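Trainee: Given only the sequences and the hints, what does the whole structure look like? Please build it.
Each chain, written out:
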Amino acid sequence: AQTVTQSQPEMSVQEAETVTLSCTYDTSENNYYLFWYKQPPSRQMILVIRQEAYKQQNATENRFSVNFQKAAKSFSLKISDSQLGDTAMYFCALTMEYGNKLVFGAGTILRVKS
Amino acid sequence: DGGITQSPKYLFRKEGQNVTLSCEQNLNHDAMYWYRQDPGQGLRLIYYSQIVNDFQKGDIAEGYSVSREKKESFPLTVTSAQKNPTAFYLCASSIRATNEKLFFGSGTQLSVL
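Residue numbers (the working numbering), protein chains in the order written: chain F, 7 to 120; chain P, 18 to 130.
A few of these clues could be false.
Computed list of lysine-lysine pairs in DSS-like fashion (alpha-carbon distance at most 25 Å, straight line) [to be verified]:
{"id": "1", "chain 1": "F", "residue 1": "K61", "chain 2": "F", "residue 2": "K84"}
{"id": "2", "chain 1": "F", "residue 1": "K119", "chain 2": "F", "residue 2": "K61"}
{"id": "3", "chain 1": "P", "residue 1": "K88", "chain 2": "F", "residue 2": "K107"}
{"id": "4", "chain 1": "P", "residue 1": "K118", "chain 2": "P", "residue 2": "K74"}
{"id": "5", "chain 1": "F", "residue 1": "K76", "chain 2": "P", "residue 2": "K88"}
{"id": "6", "chain 1": "P", "residue 1": "K100", "chain 2": "F", "residue 2": "K61"}
{"id": "7", "chain 1": "P", "residue 1": "K88", "chain 2": "F", "residue 2": "K84"}
In case anyone wonders, no lab produced these hints; they're calculated from the structure. Fair warning: this is a prediction, and the values are worked out from it, not measured in the lab.
Mentor: Spelled out as structure tokens, the structure:
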């Protein structure tokens with residue numbers, strides 16, 4: 007069975023600063039995919055970033071980047087130059103290569119302060 | 018615009034009543050999913066469908082039922098057997114599988130009267 011753990015229930019950061027959200031996971035598979043999804047106060051889920059486990063290069067999307075450590079089963083999200091619009095619940099998620107189930111962590115609430 | 022439409026936005030259920038949540042997509046995606054979100058918890062998979070006329074139970078299917086008669090539609094019925102139905106329900110779709118981007122609807126908040 008696959009599990010995803012987010013150990014930080016809540017975090018806060020000042021506008022324009024950098025923040026890192028933690029995620030660890032467990033799977034016995036070698037090929038899998040990891041995601042970060044964002045859920046703002048509107049509750050609309052939005053994909054932030056996607057990482058394929060067989061790619062060693064860390065994924066980046068503008069101000070968002072990941073630190074993927076396959077051996078440690080760690081997948082942290084770094085948000086640079088934080089903006090007020092980044093305030094949201096962030097979910098880490100895991101699925102297998104030909105998966106039909108996306109397993110989510112419990113989420114981290116991020117508050118960006120002005 | 019392509020996307021997923023969920024309705025209603027808010028729904029109230031009386032004890033012993035079955036209610037149906039609607040989910041429609043015009044993205045031409047094969048796969049569709051229903052997730053339940055409780056406060057302080059992540060999303061949990063209720064049911065998924067990878068093709069018309071076929072669907073599979075997720076991790077918490079008890080007390081729920083679905084149908085997939087059309088590619089575009091994947092309604093979820095919360096039956097009276099679901100004793101704790103109060104939650105936020107999210108429908109999602111993907112082209113074929115979950116290793117691709119999931120597109121989510123805006124959700125339905127179900128509460129018990």
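Trainee: Is the Cα-Cα distance between K61(F) and K84(F) 25 Å or less?
Mentor: holds (18 Å)
Trainee: Does K119(F) pair with K61(F) here, judged by a C-alpha cut-off of 25 Å?
Mentor: The hint is violated at about 34 Å.
Trainee: If you draw a straight line from the CA of K100(P) to the CA of K61(F), is it 25 Å or shorter?
Mentor: violated (44 Å)
Trainee: Between the alpha carbons of K88(P) and K84(F), is the straight-line distance 25 Å or under?
Mentor: violated (37 Å)
Trainee: Are K76(F) and K88(P) close enough, with their CA atoms no more than 25 Å apart?
Mentor: violated (37 Å)
Trainee: Please verify whether K118(P) and K74(P) have alpha carbons no more than 25 Å apart.
Mentor: Holds: K118(P) and K74(P) sit about 21 Å apart, inside 25 Å.
Trainee: Holds or violated: are the alpha carbons of K88(P) and K107(F) at most 25 Å from each other?
Mentor: With Cα atoms ~19 Å apart, K88(P) and K107(F) stay inside 25 Å; holds.
Consistency with the previously given hints fails for numbers 2, 5, 6, 7, ordered from lowest to highest.
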